[in-house]
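**Q** Spelled out, the chains give:
2 protein chains.
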Amino acid sequence: MSTIQTAAVIGAGVIGNGWIARLLLNGVNVNVFDPSPEAPKHAAKVISNAERAYANLLSVALPHKGQLSFKSSVAEASANADIIIEAVPERLDIKQSVYLEIESSASTEAIIASSTSGILPTELQVELEHPERMMVAHPFNPVYLLPLAEMVGGEKTSAAAIEKASDMLESIGMFPLHIKKEIPAFIADRLLESVWREALWLVNDGIATTEEIDDAIRYGFGLRWAQMGLFETYRLAGGEAGMRHFISQFGPCLEWPWTHLMDVPEFTEELVDKVSNQSDEQSGAHSIRALEQKRDDNLVDILKVLKDNRWGAGNTLQTFEERLTENTAEINFEALDLNQPIETYTTIVPQKWADYNGHMNETHYLECFSNAADKIMAIVGVDKKYIAKGNSFFTVETHIRHLDEVLVGEGVRVSTQVISGGGKKLQVFHFLYHQDGRLLATGEQMLIHVNLESRAACNPNELVIDRIAAVSSAHQNLVAPDGVGRAVAQKL
Amino acid sequence: MSTIQTAAVIGAGVIGNGWIARLLLNGVNVNVFDPSPEAPKHAAKVISNAERAYANLLSVALPHKGQLSFKSSVAEASANADIIIEAVPERLDIKQSVYLEIESSASTEAIIASSTSGILPTELQVELEHPERMMVAHPFNPVYLLPLAEMVGGEKTSAAAIEKASDMLESIGMFPLHIKKEIPAFIADRLLESVWREALWLVNDGIATTEEIDDAIRYGFGLRWAQMGLFETYRLAGGEAGMRHFISQFGPCLEWPWTHLMDVPEFTEELVDKVSNQSDEQSGAHSIRALEQKRDDNLVDILKVLKDNRWGAGNTLQTFEERLTENTAEINFEALDLNQPIETYTTIVPQKWADYNGHMNETHYLECFSNAADKIMAIVGVDKKYIAKGNSFFTVETHIRHLDEVLVGEGVRVSTQVISGGGKKLQVFHFLYHQDGRLLATGEQMLIHVNLESRAACNPNELVIDRIAAVSSAHQNLVAPDGVGRAVAQKL
Numbered sequence: 147m148s149t150i151q152t153a154a155v156i157g158a159g160v161i162g163n164g165w166i167a168r169l170l171l172n173g174v175n176v177n178v179f180d181p182s183p184e185a186p187k188h189a190a191k192v193i194s195n196a197e198r199a200y201a202n203l204l205s206v207a208l209p210h211k212g213q214l215s216f217k218s219s220v221a222e223a224s225a226n227a228d229i230i231i232e233a234v235p236e237r238l239d240i241k242q243s244v245y246l247e248i249e250s251s252a253s254t255e256a257i258i259a260s261s262t263s264g265i266l267p268t269e270l271q272v273e274l275e276h277p278e279r280m281m282v283a284h285p286f287n288p289v290y291l292l293p294l295a296e297m298v299g300g301e302k303t304s305a306a307a308i309e310k311a312s313d314m315l316e317s318i319g320m321f322p323l324h325i326k327k328e329i330p331a332f333i334a335d336r337l338l339e340s341v342w343r344e345a346l347w348l349v350n351d352g353i354a355t356t357e358e359i360d361d362a363i364r365y366g367f368g369l370r371w372a373q374m375g376l377f378e379t380y381r382l383a384g385g386e387a388g389m390r391h392f393i394s395q396f397g398p399c400l401e402w403p404w405t406h407l408m409d410v411p412e413f414t415e416e417l418v419d420k421v422s423n424q425s426d427e428q429s430g431a432h433s434i435r436a437l438e439q440k441r442d443d444n445l446v447d448i449l450k451v452l453k454d455n456r457w458g459a460g461n462t463l464q465t466f467e468e469r470l471t472e473n474t475a476e477i478n479f480e481a482l483d484l485n486q487p488i489e490t491y492t493t494i495v496p497q498k499w500a501d502y503n504g505h506m507n508e509t510h511y512l513e514c515f516s517n518a519a520d521k522i523m524a525i526v527g528v529d530k531k532y533i534a535k536g537n538s539f540f541t542v543e544t545h546i547r548h549l550d551e552v553l554v555g556e557g558v559r560v561s562t563q564v565i566s567g568g569g570k571k572l573q574v575f576h577f578l579y580h581q582d583g584r585l586l587a588t589g590e591q592m593l594i595h596v597n598l599e600s601r602a603a604c605n606p607n608e609l610v611i612d613r614i615a616a617v618s619s620a621h622q623n624l625v626a627p628d629g630v631g632r633a634v635a636q637k638l
Numbered sequence: 147m148s149t150i151q152t153a154a155v156i157g158a159g160v161i162g163n164g165w166i167a168r169l170l171l172n173g174v175n176v177n178v179f180d181p182s183p184e185a186p187k188h189a190a191k192v193i194s195n196a197e198r199a200y201a202n203l204l205s206v207a208l209p210h211k212g213q214l215s216f217k218s219s220v221a222e223a224s225a226n227a228d229i230i231i232e233a234v235p236e237r238l239d240i241k242q243s244v245y246l247e248i249e250s251s252a253s254t255e256a257i258i259a260s261s262t263s264g265i266l267p268t269e270l271q272v273e274l275e276h277p278e279r280m281m282v283a284h285p286f287n288p289v290y291l292l293p294l295a296e297m298v299g300g301e302k303t304s305a306a307a308i309e310k311a312s313d314m315l316e317s318i319g320m321f322p323l324h325i326k327k328e329i330p331a332f333i334a335d336r337l338l339e340s341v342w343r344e345a346l347w348l349v350n351d352g353i354a355t356t357e358e359i360d361d362a363i364r365y366g367f368g369l370r371w372a373q374m375g376l377f378e379t380y381r382l383a384g385g386e387a388g389m390r391h392f393i394s395q396f397g398p399c400l401e402w403p404w405t406h407l408m409d410v411p412e413f414t415e416e417l418v419d420k421v422s423n424q425s426d427e428q429s430g431a432h433s434i435r436a437l438e439q440k441r442d443d444n445l446v447d448i449l450k451v452l453k454d455n456r457w458g459a460g461n462t463l464q465t466f467e468e469r470l471t472e473n474t475a476e477i478n479f480e481a482l483d484l485n486q487p488i489e490t491y492t493t494i495v496p497q498k499w500a501d502y503n504g505h506m507n508e509t510h511y512l513e514c515f516s517n518a519a520d521k522i523m524a525i526v527g528v529d530k531k532y533i534a535k536g537n538s539f540f541t542v543e544t545h546i547r548h549l550d551e552v553l554v555g556e557g558v559r560v561s562t563q564v565i566s567g568g569g570k571k572l573q574v575f576h577f578l579y580h581q582d583g584r585l586l587a588t589g590e591q592m593l594i595h596v597n598l599e600s601r602a603a604c605n606p607n608e609l610v611i612d613r614i615a616a617v618s619s620a621h622q623n624l625v626a627p628d629g630v631g632r633a634v635a636q637k638l
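In the order they appear, the protein sequences are chains A and B. Every letter in the first sequence is one number past the one before it in our numbering, and letter 244, counting from 1, is 390. Every letter in the second sequence is one number past the one before it in our numbering, and letter 77, counting from 1, is 223.
Worth flagging that the hints you see were computed from the coordinates, not collected in a lab. It is possible that some hints are incorrect.
Which copy is meant is left open, so a pair is good if it fits within one copy or across any two.
[Said to hold, decoys possible] Cut-off 25 Å, straight-line C-alpha distance, at most; resulting in silico cross-link-like pairs (BS3-like, lysine-lysine):
1) Lys326 with Lys187
2) Lys302 with Lys191
3) Lys531 with Lys521
4) Lys211 with Lys535
5) Lys191 with Lys327
6) Lys531 with Lys450
7) Lys637 with Lys570
8) Lys531 with Lys498
9) Lys440 with Lys571
Just chain A, with the same shape it has in the complex (with noise of 0.2 Å):
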């Protein structure tokens, strides 16, 4: 599988500068060139943004950051690139001459690939001199979450040259669709295209405003397509007869005026401002970055119900983190320094864990603890390929204390000291930190060897015995802990 060290990005405007976080923050150096002075400052922010939003998205930790250079060329960015992402204006004249530059300096194995949201490949790669690793990888803002690149090739490209870039884009977490034939626009651009027209013309003509056309899609078939798309909704719609029904039944509409698509509405000055003017009071409320990061946060948590439910864009996810586990330098259990607690879990408190009381909702201190004692149980040898052979820790016992608050999008961390393990049982105890030092709250667990199978306790293997009775024995030296067997409601 084709995996990426080195990319270059060429371009470093909304669509770059996605492309730059993804790779980044999947461990790949990146080497950009953009014209404008502005544009370390403008990728600073969307990287930014990416690492809020990945923080929340992933539940498995993401390899170190990539190295990010701006050169002063192209030629110089596209130099020893595994993959060169071109992401300049759609003029077909400076994407060829940006080619030619990238190809005085690039290796010739070197994939290299257009952010085009339209434009044939056949023409793009016309004067290449190795037009065979060229295509389009059409990506989504934004890039860094959006799954979607869809791959088409041009009539020189080697259908080695989309497998190898396909590759190299699931291995950072994407979703590549293979168009097999060229058209412009490619599928998605243009059903967004006569979406676009059709929404132009309903202002244009006064039958609605922007917010109004977004209240109709959010409210109600963006709903669907975002886990079923079209095809697969009407399927529904057609109730048990299914597609044949549905399309029996609406294909007559086609004739019908459902649709002013038999003309492109004039783009004419005043219907840019009557566009602008009610974005701006459907919008202008927030500021960008706000609407960039609720963006963010929606399509995160989305992203993670489907996950959670198997399905669609979740899939891609759930591949990715296995790929990403996988991936992950195994825990080197002898370079661990035992003579301190752990550290076990680390992330930002999201949205979602506050309360009505307007901090972290107390179930999510348990989600800390749990998903450090998971940790725990990996250093010790219970990780998921151990768990896959049918053996496990159940907690059957938990304390906690809660010391101090915490609110929304502050840091939080957590260490855990072994109290004793030995034989079935495992007893640790979880320190979370603020991000300012101050201890939160603590929480005591007993943890319990299971077979799968028969739900029953059991000794673990050699060595999660052993791990267990070094760290157990080095945390015998460490203080204990303060609270450590207390009941609810004891007197100090």
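Assemble chain B onto chain A, guided by the hints.
**A** What follows is chain B alone, placed relative to chain A:
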């Protein structure tokens, strides 16, 4: 605010049944006419889907389910209804004859609402005696989950009738969107029709299959549209410069061949076959019912995360739940039986509560106890109103014993015993039971009454003190629960 006591639904297909389910579960009595002898069977399936979805969707209780009656004529169904919803086939002549029969028995005050996807209300109401109360209320499948209803009046519809009908739909959790100018197919179906035509072209011309088109939507822009719609999404694609930049950049595309829609694909038998066969290939492995449940699970979870994020369709759900809470009879403290633990929480374990061990994760045991504690607080007078005035209870300590397991889809309930209470303190003991009677876990908690301004402990008001004293002294007579006062790892 207008609410609905009794509704009539004429036509029990996919849309009619969706209306029936939403109305019934909101406590409305529904009289139905449909000529098919199979109608009650099909309705029962949709109602069962809706009950399953609502159990997971709502964090508050629904009112008692309404009464469903199948009637033998349109006239009989329409008598005594506050609103008569027409969901018969999309033919003007059929719809008009239904309206005549509705008017033969309906109150002149009753709202008549058509579910048409595109016929103009002015045409629909032409022959009515009281056309001022007739309009389009166009819902989206599944009607019991998607909040949108496009409200469109005809030339003779009164503004008061639109407002009354909108209030009625809001009272059953919907988002009525008033479309102020009549146009065939209104807003949403014009957008959908333009996408549908473009998608049919893509299939017709062999550019993409139904599955590839669905994937191009649901791995990409569909995820955006669930929350922001078209214009707000594009505002962000414009970067800091917003909509004006976006539209100036992409306006010229209107001249480009980025959609086929200067023309309509011919609706041939061959195209019907192609679409139906591809759809079978794509989705045929799942039954329609399985797909419906998957769709509902996804929609429920997407609506819930949007609620948590205070955004879009989540705001409608939030308002709906607040209304349900208001309408729930005040807790009648005097009527509580204090000779036993108090029933405080009940739910069905959702998929996402499961962990890699295949059972409900420990975090959600505490979530159940936390919800139970909220209920106890509300019972002793610390409800939303009380908290809004600046005081609440915070949990300071929790002890959980895990005694048995529970799997996804199984029911659980919590009952709670007050161990002690007085002054700032409230000590409770929760029992989590499986629907089959097994005790799954116990949770002991110490809550402290605090001032939300100073975050310091303080005494509750007199009513709260009196109620805590009453429950606490009654519960002194109960047997002390097994495990009360226990510490982690304490010997039995």
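**Q** Hint by hint, say whether it matches the structure.
**A** Hint check:
no., hint, verdict
1, Lys326 with Lys187, "neither (38 Å within a copy, 44 Å between copies)"
2, Lys302 with Lys191, "neither (37 Å within a copy, 54 Å between copies)"
3, Lys531 with Lys521, "within (14 Å within a copy, 41 Å between copies)"
4, Lys211 with Lys535, "neither (32 Å within a copy, 47 Å between copies)"
5, Lys191 with Lys327, "neither (37 Å within a copy, 42 Å between copies)"
6, Lys531 with Lys450, "within (23 Å within a copy, 33 Å between copies)"
7, Lys637 with Lys570, "between (31 Å within a copy, 16 Å between copies)"
8, Lys531 with Lys498, "between (31 Å within a copy, 21 Å between copies)"
9, Lys440 with Lys571, "neither (44 Å within a copy, 39 Å between copies)"
In terms of the numbered hints stated before, the structure departs from hints 1, 2, 4, 5 and 9, listed from lowest to highest.
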